[in-house]
Amino acid sequence: MELATFGAVLGFAITFEQQLGTFCRTLQGSASGEPSGRLAQAVEAAQKREKLLERVRRENVAEMILEPISGFRSEDYTLGDVPGAGASPEALAGAWHRAEQTAVSFYTLGAQKLPIPEVKRIFERLAKEHERLMS
Amino acid sequence: MTLKKLRNYINGDWVDSQSSQEFEILNPATGEALALEPLSTPDEASLAVEAAQAAFAEWRHTPPITRSRYMFRLKEAMEDAFEEISEIVTKENGKTLDEARGEVRRAIENVEVATGIPSLLMGYNAEDVAQGIDEEALRQPVGVFTMIAPFNFPAMVPFWFLPYAIACGNTFVLKPSPQTPLAANRLYEILDEVMLPPGVVNLVNGTRDVADRLMDHPLVKGVSFVGSTRTARHIYAYSAAHGKRVQAQGGAKNALVVMPDADLPRTVQAIMTSACGCAGERCLAGSNLLCVGGVDREIVPMLKAAFASLRVGYGLDPTTQMGPVISAEAKQKIINYINGAIADGATALVDGREIVVPGYEKGFFVGPTLLDNVTPAMTIAKEEVFGPVLSIIRVADLREAIDVIHGNPHGNATSIFTSSGASAREFKYWVACGNVGINIGIAAPMAMFPFGGMKDSFFGSLHGQGRDGIEFYTDRKVVITRWF
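Sequence lines, in order, name chains P and S.
Be aware that the first sequence starts at 19, since it is given in this note's numbering, and climbs by one per residue.
Be aware that the second sequence starts at -16, since it is given in this note's numbering, and climbs by one per residue.
What the hints contain is simulated information worked out from the structure, not anything from laboratory work.
Some hints here could point you the wrong way.
[What the hints assert, rightly or not] Simulated crosslink set (DSSO-like; lysine-lysine; CA at most 27 Å straight-line):
1) S/287 with P/69
2) S/287 with P/131
3) P/146 with P/66
4) P/131 with P/66
5) S/438 with S/411
6) S/314 with S/287
7) S/345 with S/314
8) P/138 with S/58
9) P/69 with P/138
10) P/66 with P/138
11) P/66 with S/411
12) S/411 with S/365
When you get a sec, could you build the whole thing from the sequences and use the hints?
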């Protein structure tokens, strides 16, 4: 789907965080020890980001800035498959890394596409947050 | 499926209308019926006014800080229901979900401003106006106010008035638009959840009979209206004849002036929003594009491409950039205007008359329409179309552009696009319009500013929103004191 409007971008961001939370929860089911704890935190963080994005959408949609957005598609930001049961810790870590990398790419481009300073700032911040989660 | 029949909200209760007359509220994108609107009777309007009057004495006596807390609760409740209200607006009005969200945001912003009522209501005083004599000016609430709402902003426009009216200590009766009453009805459910004292806010669904009673009822102190110029003029005259204070916002014919030094890519985006946002069904929509000094050679091809590429569809689809107009009648009226313009000599560079949206064949869609070779004398350049139609008019210089704007009886809004401070200043200084944009497509005042309007676009003296709202909803009492 083309993310051609403010609502489409923010709606996708909210859905993306929901999916990422589910993705991390599924990964957590196959993980143990310290990685499992980190994934639990990632699930919680995704839920917080979802709430944040809902608020950002509510507070920043103003009719004077409903200008079309181009060159931004949701298909470019799909999360990969979750490794099956018995996957190695490296495979789990790799899947999570790729998911966070997808998030970084989405928020980085989103910040460039949305002309609203407050939303741009939040997207930049979320890109950084996802980048930190990769390290 | 049985359609829900709307009820009136009177004295803190939802009550069925006694009227047997009703009609269907349609989703303009799908043509499906959403609910049944009762045509309430004048007596039901009187009941609402009487309930409001009965509630007034205690409500005006409630400390402003307490009334402010109701506003905070109202804001929170509206935030919680934000997406739901936005979807209702899209379904009943047709605008895109983003536009609906923008509208609900604006409604909430008015509640936010009204939370400041303890400060906004303050008067002023002076000691020793004469030896040992002090003088003070107080603001006091007035009584029952009513609002007659339009279809195009069913959530926002009532909230240009309601929060200020009740925060000031008045009571309120709303008649929503019969075409789009659902958002207002949902907002009243939220007002009910906020648990305002019974009678402080009331809602009566209906049409002209209800409006007339609200305007001529002896207990009503003031009337607010937003709609067409013809109706605004009637409301102003009729209400004033019955001793009411009135603020009646009428129609518009807004010009967008593009100077040769404008930033054209950004100007085109702003023009698109202005002309096609909300399918052109707003009183701030730009409808005449005044191209100054040959700028048309560059901007017209850009606009043509932008108009042609706009995605028209159902507002709930997130890829949609423009929704339908409100009704089959509105669609036909817009098409008639386009037909008339072409007969008068205009050229359709982009023609939206025949648009068909797959899957929504029953919807009331008009595509973006760009008309060239329009002259100020043509009907299309003079009358409010209330649709996604932009007329290109060429002028030699800024002075001529201002003359063209002044040649129209409306004075609601206008914008200039320029990188010259001198041109911008000359424009804002001279132009006789109530809302002026400089490099802004839709010059929509925020809640803390009055929504302007001049000439045939406004009848009254105090506008909606902001300081004007506080003034409209209060009387000033001067007290001169000497103690022996």
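Practice item. Decide if the proposed pair is consistent with the structure: residue 146 of chain P and residue 66 of chain P, CA atoms, cutoff 27 Å inclusive. Key: holds (15 Å)
Practice item. Assess, step by step, whether the Cα of residue 138 of chain P is no farther than 27 Å from the Cα of residue 58 of chain S, and give holds or violated. Key: Given pair residue 138 of chain P, residue 58 of chain S holds - Cα atoms ~25 Å apart, limit 27 Å.
Review point. Keeping to a limit of 27 Å between CA atoms, is the pair of residue 314 of chain S and residue 287 of chain S held or broken?
Key: holds (22 Å)
Point to revise | Distance restraint between residue 411 of chain S and residue 365 of chain S, which requires alpha-carbon spacing of 27 Å or less | key: holds (21 Å)
Check your understanding: Within 27 Å, alpha carbon to alpha carbon, are residue 438 of chain S and residue 411 of chain S?
Key -> holds (16 Å)
Review point. Going straight from one Cα to the other, do residue 287 of chain S and residue 131 of chain P come out at no more than 27 Å?
Key: With a Cα-Cα distance of about 23 Å, the restraint between residue 287 of chain S and residue 131 of chain P holds, given a limit of 27 Å.
**Study point:** Hint consistency between residue 66 of chain P and residue 411 of chain S [alpha-carbon to alpha-carbon, up to 27 Å]
**Key:** violated (45 Å)
Review point. Holds or violated: are the alpha carbons of residue 69 of chain P and residue 138 of chain P at most 27 Å from each other?
Key: holds (17 Å)
Review point. Does residue 314 of chain S lie within 27 Å of residue 345 of chain S when you go C-alpha to C-alpha?
Key: Holds, at about 12 Å.
Review point. Would the pair residue 287 of chain S and residue 69 of chain P pass a check requiring their Cα atoms to be no farther apart than 27 Å?
Key: violated (40 Å)
Practice item. Starting from residue 131 of chain P, check that the Cα of residue 66 of chain P is at most 27 Å away, please. Key: The hint holds at about 23 Å.
Review point. Is the hinted pair residue 66 of chain P and residue 138 of chain P satisfied, with a Cα-Cα distance of at most 27 Å?
Key: Between residue 66 of chain P and residue 138 of chain P the Cα gap is close to 18 Å, so the pair holds against 27 Å.
Checked against the numbered hints given earlier, this structure breaks hints 1, 11; the rest are met.
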